[in-house]
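4 protein chains.
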Amino acid sequence: MRIVTRGDYIESLRRMKKRVFIMGQEIENLTDHPLVRPSLDACGMTYELAQKPEHADLMLATSNLTGQKVNRFTHLHQNAGDLVSKVKMQRLLGQTTGCCFQRCVGMDAFNAVDSVTYEMDQKLGTEYHARFRNYLRHVQEENLVVDGAMTDPKGDRQLKPSQQVDPDLFMHMVDRKSDGIVVRGAKLHQTGALNSHEIIVMPTLTLSEDDRDYAVSFAVPVDAPGVLMVYGRQPSDTRKLEGGRLDVGNVEFGGHEAVIILENVFVPWERVFMAGEYAFSGLLVERFAGYHRQSYGGCKTGVGDVLIGAAQLAAQYQGTDKASHIKDKIVEMIHLNETMYACGIACSAEGKPTGSGTYLIDLLLANVCKLNVTRFPYEIARLAQDIAGGLLVTLPSEKDLAHPEVGRYLKKYLHSVDRYSTEDRCQILRLMENLTLGPGAAAYLTESMHGAGSPQAQRIMLARLANLEKKMGLARRLAGIQERPSK
Amino acid sequence: MRIVTRGDYIESLRRMKKRVFIMGQEIENLTDHPLVRPSLDACGMTYELAQKPEHADLMLATSNLTGQKVNRFTHLHQNAGDLVSKVKMQRLLGQTTGCCFQRCVGMDAFNAVDSVTYEMDQKLGTEYHARFRNYLRHVQEENLVVDGAMTDPKGDRQLKPSQQVDPDLFMHMVDRKSDGIVVRGAKLHQTGALNSHEIIVMPTLTLSEDDRDYAVSFAVPVDAPGVLMVYGRQPSDTRKLEGGRLDVGNVEFGGHEAVIILENVFVPWERVFMAGEYAFSGLLVERFAGYHRQSYGGCKTGVGDVLIGAAQLAAQYQGTDKASHIKDKIVEMIHLNETMYACGIACSAEGKPTGSGTYLIDLLLANVCKLNVTRFPYEIARLAQDIAGGLLVTLPSEKDLAHPEVGRYLKKYLHSVDRYSTEDRCQILRLMENLTLGPGAAAYLTESMHGAGSPQAQRIMLARLANLEKKMGLARRLAGIQERPSK
Amino acid sequence: MRIVTRGDYIESLRRMKKRVFIMGQEIENLTDHPLVRPSLDACGMTYELAQKPEHADLMLATSNLTGQKVNRFTHLHQNAGDLVSKVKMQRLLGQTTGCCFQRCVGMDAFNAVDSVTYEMDQKLGTEYHARFRNYLRHVQEENLVVDGAMTDPKGDRQLKPSQQVDPDLFMHMVDRKSDGIVVRGAKLHQTGALNSHEIIVMPTLTLSEDDRDYAVSFAVPVDAPGVLMVYGRQPSDTRKLEGGRLDVGNVEFGGHEAVIILENVFVPWERVFMAGEYAFSGLLVERFAGYHRQSYGGCKTGVGDVLIGAAQLAAQYQGTDKASHIKDKIVEMIHLNETMYACGIACSAEGKPTGSGTYLIDLLLANVCKLNVTRFPYEIARLAQDIAGGLLVTLPSEKDLAHPEVGRYLKKYLHSVDRYSTEDRCQILRLMENLTLGPGAAAYLTESMHGAGSPQAQRIMLARLANLEKKMGLARRLAGIQERPSK
Amino acid sequence: MRIVTRGDYIESLRRMKKRVFIMGQEIENLTDHPLVRPSLDACGMTYELAQKPEHADLMLATSNLTGQKVNRFTHLHQNAGDLVSKVKMQRLLGQTTGCCFQRCVGMDAFNAVDSVTYEMDQKLGTEYHARFRNYLRHVQEENLVVDGAMTDPKGDRQLKPSQQVDPDLFMHMVDRKSDGIVVRGAKLHQTGALNSHEIIVMPTLTLSEDDRDYAVSFAVPVDAPGVLMVYGRQPSDTRKLEGGRLDVGNVEFGGHEAVIILENVFVPWERVFMAGEYAFSGLLVERFAGYHRQSYGGCKTGVGDVLIGAAQLAAQYQGTDKASHIKDKIVEMIHLNETMYACGIACSAEGKPTGSGTYLIDLLLANVCKLNVTRFPYEIARLAQDIAGGLLVTLPSEKDLAHPEVGRYLKKYLHSVDRYSTEDRCQILRLMENLTLGPGAAAYLTESMHGAGSPQAQRIMLARLANLEKKMGLARRLAGIQERPSK
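Residue numbers (the working numbering), protein chains in the order written: chain A, 83 to 569; chain B, 83 to 569; chain C, 83 to 569; chain D, 83 to 569.
Calculated directly from the structure, the hints in this document are not laboratory data. A couple of the hints might just be wrong.
Pairs count within a copy or across copies, as identical chains cannot be separated in the list.
[Unchecked claim] Below 25 Å or equal to it, Euclidean Cα-Cα: the simulated BS3-like pairs (lysine-lysine) are:
| no. | residue 1 | residue 2 |
| --- | --- | --- |
| 1 | 494 | 100 |
| 2 | 236 | 409 |
| 3 | 236 | 404 |
| 4 | 170 | 151 |
| 5 | 404 | 494 |
| 6 | 481 | 322 |
| 7 | 434 | 170 |
| 8 | 100 | 493 |
| 9 | 494 | 242 |
| 10 | 242 | 493 |
| 11 | 259 | 481 |
| 12 | 493 | 236 |
| 13 | 134 | 170 |
Chain A on its own, in the form it takes in the complex:
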């Protein structure tokens, strides 16, 4: 039954029998768990906004597979306009949730797997592409949330998969059967995994022949036998268990990350999209990472908008918004935020079709985008803390503010500009704490650093894509140097 509303989505998850562990306990009723529900609601906004006419252009697209309107998160980009719309949709959702809404990894996986399976089939005569498109048709029709899972544990970073002491430190096929494959391994840092219907697995790095069994891509439901998931802690996560409203900062939304363990999971062939074609592993990594590096130019700028707005409110509430240095810091935050966005737009607008017809971003600019995202949110957060003042980390708890004796004093002494309420001031500061030092910071900062690859991964791509030879030729010509065998 096709999922339409946020409610449908939550109910669809409630029906699944996943095995999930949170803080040492296996959880039965995951959808109502207070540590998870805010992230479920955030992901749910990808459904809710899709129903709003004013956002239909961004949230929906016409499927090239079915001709139907589908949620853009399940769509294969058909032109550069689609790529641009993707970024704008992500900014909208970042603005709406103030956190990671988790559904991008699936979308980025679909688009990467689509063109790579096409090219693989062209080259090798395999049949992965048709399979994949069948699978995606199902995803579009059901309107599923799919976790695009790339990052393996990796063990000792100096060793290749097959060199590790434990062969499972990278996901691999442990058996090939007539009807499918059996896989074992884990995926770390899986954003929103607990809120997904399915997982689409991809290899995590360029593989050589020795590591052939690690070249594996497939889809499984999250409640397939052998799948376990473990919730990853975030700063101040348990404030969500305290029952209040103020101290959580973001009153409705949040994100989460999880470890996914696949213990001898069986995958039927119709859901297998790579099984040993190691020569295409690097391409798949590069494409998925490329799309996902583009994504950060959208979602994080949306969250940046929230933080900028919060900083401006904090300044107003405290009577500092007219100070020239505060105005200047707000402008700087805007500038950095829009620079990231510009990179997201640029790599999209410069997108080109791949063989399968699916559009690929300009990879050089997508890497530039992400590399900026590993820097600017940190500076934006620093400026936000500058504007917020020290109260960000010295504010007493919601319960103190509500206490009959001491609460009276706190409200008296935390009162600032007279026409604003003390409660509002405290709530904005808690939102800023969330985004710069709390669970929001896990997504806005650390995930900006490492999501879609750590900065060094982007630098390596820049070195590869920048065409230094051409630049050297330009310099030689202007310096009047012959392109001779020198000397």
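Assemble the complex: chain A is given as a structure, and chains B, C and D must be docked to it using the hints.
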């Protein structure tokens, strides 16, 4: 007679009778003057590249006025693709010349004046737009270089035009006649003015009713009676007079800036595009500045490509290109350069039509673009100097290298990696000196700072365009704050 | 009874009857409260290290008041060497505790009040200095921890104290009696207040005659009638209540901040050090802030050492420590950390005596020191997160790692370089989380921003202290400009 | 005859018969050559200021060799106060000359050679230290300027000295005789070499046994047979030949760099301080570089003072000095400048005695100092250009300003705030051009990058000196990790 080739262009200028002063002397044969010729050749490349089939897409466009193919530097942008092509054309020319090729100011002026005169006419019932388009048709047909002249001397920055001790410190109408107007004033920092056929003058800031006579826009030939021009010095400019090749760094191209003085110059009405409509002065400034801020995302990244290529060559010539810190610095230069480019592309791809049909860039992103350009070239130049080594500023002169006694020693001791020649090494270092401390640096650094407005001008625009109210609303909603009359 | 050991110190606090609220509850047994005890232990290290012979030079000093060896935290600096030793002691304690050890504010208050009361008495004939030295003799003899309390709530930042809607938003005298004064108000952001024996209050800004009653400085015990304290929340603070060891990151130490409320507290005259002498309020603020800005060059570099060490360990544990980009990031962290330290040392070495004989740091350099501290820890933390990898914010809880079923998988999949244990890897990551996103970050980042005054406060001091006139004279001379009445 | 005054100094040089080439010509009357004289005058200020009573404390010191007052530039530092005074003296001279005054390299060489020869003799039983002290006594008594020459051409940076195609690419002994040695090679980037009486040569890197003959240190007069020097070009250097005053920017002072060639120069044993003791080459490099890295915390901050003063004047002259963003940029320039100074002071105040009694700076902090100097002057220069405005690179020449027709217009249109003269405005802008894009920038920027070693050299030292093991221990302890053989 329509100008086609670089040669045509130079001959067309030779026929003009401009009054030009260089280092205290009035110059007769300007086109062959060694201080000017490299800039003429740089501007000439806007013709030469337009003849190359491989660059036709970027260099030519189909005029909406005549239906003919015209040089893009004279074109009104008809869609976002035109705006993107503009940036790519500028990068190409920056790569080709390694300096400022000077023709963008005219293009940016045309596009700004076009939409503003249209909107002015709509609002006020004036007839400027038709006049302007007639004028532009002439420019397109003749394929002219036009200096877009905005920056007034401004005198005391704290005073408005009419408050200045000397009323001429901003360009103004001193007489209105039946057949035209008489203007007086000056324009500073006029890039490539000596190489222009015409000047199109615009006001330099938002004007109020008191300054009505300063709200003036018009076109005049550079050899109109009353027009004087004075060459502005650049670092190491006179190396061009020394007769050698090495010490100039850029062996073929260069740029220049000039002061233009208009002493009671008569302008017939058909060349007047604003004459007192002060309420539209700010709009014209904003649009011209916006287009020109976009431009910097193209031209300076082209020059950046040259500098990056030169740095890589220097490293190879010296045997340091394999060092990880050198590779990392090259990547950083690429990253910064492409970030500027991404901003140029993004503001273009997000362009929207104005009332006249001419496309306008996204102004917020264009300002973001330029603000990055006031920073990153400086860091790129710093990194280039890091890679170059101290020889950049301690290398003896070309004449020493050629000296029979001492030249032998210099060639011996400046020899580095054996398969590269010492001469090539020196030439690359001189190119890098040119771009980071020489005449090229005037354009690559200082002009990047102040061209199209100093950074504070961009910051003011960011504050105006960023929609802080919306961002505050986003934050309020996530913090659960009612948009109530607080307290 | 003189406090000697960490145990003595804790017992001395246990005997006090403070009124303290934590998360909505009044706390009886404060010294054993798990949210407070780590901070108590951190402060306790100021006693424990003082007993170690190898640290005696830094931790002890010979009192100019008694000739006895005293804990340096109670000492008046008698020479530049004392100022340098102070910074080194702070670095040692930052290294030892990895957090804020809280006792500096008192030391900085003593030194500021000492010289200001001396100068006040000289000018006004008052007797504050002798009173203060009597008080300090008591502090030295008992070896007390004293909270130096400056920051008022401040209400609307655009209004002076007496202009606020509520006159209590700045601490003020509400009565003057024959035997003392009565004060009302609050102090925010009071580092380590719950661990103090006494509070020494100072005004928070330069006051004018209208605000005479706000010019008040005095000392009170924290258990004086009318004193209330409220614990300020920190990120992830309640992990300390979970009973484990891993998830807290710093297994032994922590910090805290509190709101102190003084509701009509009586202070006898012998403990009053300013009572209306508003003309000296600015000087007291400037001196206290100056000393405290120096402090940050010590303590935060000590914490920085811990974070750098943790990053290097994390890299070793993960097998990335040999990568050139990792080594380069470690070097950058060191460089930034030592730059802050250098500023702390420099302002100390350049210290000069005040009228009372107590040495004052070079104020310009102390402000430079602190301004760097508002920037560099953020960049160090960003680099640390870069090195740590995403696991920093996706690691499951200690309880998951200990779970019989899922813990086995987690230990398997989080295993990295074979010769290091998974537990150690996780513990180092949790320490890094603590310092960059947890309670440690409240101190290492946000307190670095706002402690001893927000960055704008330092900028204002730089503008005031930098002697621009002299610099202009230098430039004029080299440009050959006469210092004439121009024109 | 002991040199006392600036005049004595210039006369002493006039008497020498050096072989010097400038722009392809051998120069007879070097001391009056307009390209050299400004640097001679700058170096001459090390004599002139030493005669001023108000500067005696900084400029003079009591020699430990003779007990006489000597110029500090010839002094061996006897305590940390001497090291601090050195930095202050350098800042004073930077402020006075606005350029490189060139005499530090000798001072830094003396101090490095002194302690290294002492330790060499202790270890190897050689007699270099007494020889060196005899030599230095002569330098002190005559008050000579000595060029400390370290940087070899280095050829291919991947090869060791003896691996180079040309063995002369590093300075080496080509003969050992009974009465002395014969050396061949060159030294590049020799600051102020043309103004020196003597050269003291040191090896340029750590050498191994294969390169024994390259481990050579000695002193020779600059007019010894076989010594040739070639002037290195600087940006805009030939403006000094134009005869005016405005366009040179710095009207009195300048710097220069030169290539020194030693073609089979004989050095008698009493002037040889190392001859094959390769094991001490690294130590000598490290010490000289350390002292010289300290130096940059003095001289460049002095030049920074000039540039800050010039920027403030430019702002006043143009009426922008009241703008908050301008004030903020001035503060930022001050902050960066004082941070470098603080590092210079700190590494000095933390100086410790070496075996010979000569004090050595704290090497870690000296490297931190220099690494900041490779960054901050570039940012200060960028901010200065921001404040200056575009006129910095578009101002017509002095001759245009003096031209009867066009000069009148230029003076009219370049007039700004009424009470300041246009000439003064132009002169300040030319000084700023000099320092950010002209010959001053060669010293203020590029030399700040590469002098005393390029940034990577400092980074390597930081990695070596930072005691990472200790930091790892701190982190382990706080994370509760046993320093066990892990696993």
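Now the hints, each set against the structure:
1. 494 / 100: For residue 494 and residue 100, the Cα distance is within 25 Å only across copies (21 Å; inside one copy 49 Å).
2. 236 / 409: between (45 Å within a copy, 20 Å between copies)
3. 236 / 404: This pair counts as between: shortest inter-copy Cα distance 16 Å, intra-copy 51 Å.
4. 170 / 151: Result: close within a single copy only, 18 Å intra versus 35 Å inter.
5. 404 / 494: within (24 Å within a copy, 38 Å between copies)
6. 481 / 322: This pair counts as both: shortest intra-copy Cα distance 14 Å, inter-copy 18 Å.
7. 434 / 170: both (18 Å within a copy, 16 Å between copies)
8. 100 / 493: between (45 Å within a copy, 21 Å between copies)
9. 494 / 242: So residue 494 and residue 242 pass the 25 Å test across copies only (17 Å; inside, 61 Å).
10. 242 / 493: between (59 Å within a copy, 20 Å between copies)
11. 259 / 481: Neither: 59 Å inside a copy, 37 Å across copies.
12. 493 / 236: between (51 Å within a copy, 13 Å between copies)
13. 134 / 170: Answer is within; shortest intra-copy Cα gap is 15 Å, inter-copy 38 Å.
When each numbered hint is compared with the structure, a violation occurs for hint 11 only.
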